[in-house]
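Trainee: Use these hints to put chain F onto chain U, whose structure you have.
Protein sequences, first through last, are from chains U and F.
Numbering of the first sequence is given in the UniProt record's numbering, commencing with residue 1 and proceeding in unit increments.
Numbering of the second sequence is given in the UniProt record's numbering, commencing with residue 1 and proceeding in unit increments.
To be clear, the hints were calculated from the coordinates, so they are not data collected in a lab.
These figures come from a predicted structure and were not determined experimentally.
There is no bait here: all hints are sound.
Capping the alpha-carbon separation at 20 Å, the derived lysine to any residue pairs in SDA-like fashion look like this:
{"#": "1", "chain 1": "U", "residue 1": "K75", "chain 2": "F", "residue 2": "A50"}
{"#": "2", "chain 1": "F", "residue 1": "K70", "chain 2": "U", "residue 2": "A126"}
{"#": "3", "chain 1": "F", "residue 1": "K89", "chain 2": "U", "residue 2": "F82"}
{"#": "4", "chain 1": "F", "residue 1": "K89", "chain 2": "F", "residue 2": "L101"}
{"#": "5", "chain 1": "F", "residue 1": "K70", "chain 2": "U", "residue 2": "L77"}
{"#": "6", "chain 1": "F", "residue 1": "K85", "chain 2": "F", "residue 2": "E47"}
{"#": "7", "chain 1": "U", "residue 1": "K69", "chain 2": "U", "residue 2": "L168"}
{"#": "8", "chain 1": "F", "residue 1": "K89", "chain 2": "U", "residue 2": "S78"}
{"#": "9", "chain 1": "F", "residue 1": "K35", "chain 2": "U", "residue 2": "R63"}
{"#": "10", "chain 1": "U", "residue 1": "K75", "chain 2": "U", "residue 2": "D134"}
{"#": "11", "chain 1": "U", "residue 1": "K158", "chain 2": "F", "residue 2": "K89"}
{"#": "12", "chain 1": "U", "residue 1": "K74", "chain 2": "F", "residue 2": "R86"}
{"#": "13", "chain 1": "F", "residue 1": "K93", "chain 2": "U", "residue 2": "M79"}
{"#": "14", "chain 1": "U", "residue 1": "K115", "chain 2": "U", "residue 2": "D85"}
{"#": "15", "chain 1": "F", "residue 1": "K45", "chain 2": "F", "residue 2": "R97"}
{"#": "16", "chain 1": "F", "residue 1": "K70", "chain 2": "U", "residue 2": "I154"}
{"#": "17", "chain 1": "F", "residue 1": "K89", "chain 2": "F", "residue 2": "P79"}
{"#": "18", "chain 1": "U", "residue 1": "K43", "chain 2": "U", "residue 2": "E28"}
{"#": "19", "chain 1": "F", "residue 1": "K29", "chain 2": "U", "residue 2": "I172"}
{"#": "20", "chain 1": "F", "residue 1": "K89", "chain 2": "U", "residue 2": "D85"}
{"#": "21", "chain 1": "U", "residue 1": "K198", "chain 2": "F", "residue 2": "G124"}
{"#": "22", "chain 1": "F", "residue 1": "K70", "chain 2": "U", "residue 2": "S78"}
{"#": "23", "chain 1": "F", "residue 1": "K70", "chain 2": "F", "residue 2": "L54"}
{"#": "24", "chain 1": "U", "residue 1": "K75", "chain 2": "F", "residue 2": "R86"}
{"#": "25", "chain 1": "U", "residue 1": "K69", "chain 2": "F", "residue 2": "S36"}
{"#": "26", "chain 1": "F", "residue 1": "K70", "chain 2": "U", "residue 2": "L83"}
{"#": "27", "chain 1": "F", "residue 1": "K85", "chain 2": "U", "residue 2": "L83"}
{"#": "28", "chain 1": "F", "residue 1": "K29", "chain 2": "U", "residue 2": "F23"}
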Amino acid sequence: MSSSLGKPLTEEKNPRGIPKAPFIEDVEKYLGGPDAEVEEPLKNFQDAIAKYRYMDSNLAQRRVGLEEKIPDIKKTLSMVEFLRDRREGKTSTEDDDDLDIDEDGAEGSQSKPLKTTFELNDTLFAEAELEDTDTVYLWLGANVMLSYKIPAAIELLKSKLEGAEATLASVIEDLEFLREQLTMMEVNMARVYNWDVKRRKENRLKAEAAGKSAEG
Amino acid sequence: MRMLEQEQENDDSTEVTWEDQQRINTFSKLNTRIKSIETQLEVLKQEKEALDDLSMELELADEDEPVLYKVGEAFLHLPLPRALKRLEKDQAKIESRFSSLTVSAEEIEREMKLLKVTLYGKFGSSINLDE
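Next up, chain U with everything else stripped away, as it sits in the complex:
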């Protein structure tokens, strides 16, 4: 056991390389005997907790970022899917859904462009008419926008969405893992601390008893 002294983290790691916290079965054994120092191990625990906390806050930030990104992708996807459905609705009338629309716009719907109101800036909206289209432009970031055919755009967005959701799931898994390690470290701290308090008290009582018997 003494080899683990000063090494509060174990070699074991989770899939993303976060080290596992050790579990202390027997405090006395872990510290290396009834007269062992507690300052050093306690300090090591504290350092390890600080490291876990640091990872925790980093991952929490990533989580927030992903949780913002996912709805954005979903919004774009639902718009592109709307465009696809609208287009398909015009070429095939097998669906009742689409019959509805055709009835509605009786003659006009084939050629009538879709009217939209979109946000130009905060609180400022403008109207635009969408011509029937099979191409959309996706903002890829880094000041790049590419044109895609609608099915390709949907595929791309879906794969992005899946990727983001998978990353989010693994970030959440890591966060939960970190939470467990933090809890373990806190329990370890409390136990070593309590062990020390108890030892001091016992020693004091022993000393008092020895003093009394020496007096008597």
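Mentor: Just chain F now, kept in the frame of chain U:
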């Protein structure tokens, strides 16, 4: 977990075993998980209410007036029947997410209750599992 009180210092009976540690871990994990589910449910509830309000409004809407329906960031001018169809779909989507989250929240709560019983049973007042 807090430090022991003075009078409990001599209490040797509460040796923490690996199983206990795992239970404590699971409890704290579930605790974080349920909090995130609760926030998600709160958001969903608001969305659901907004859609319910919307469906009330649309019942009173004029058949000939196009409805401004929000898809993504833009509002589409849709004929009423089409808007109602979309609304129905959106409502169904939210409803199913809402109920699946509620189910997992209930499961977690049940598990936490069991863990609480076991852990309080063993550690009594030396452990604090409540807010």
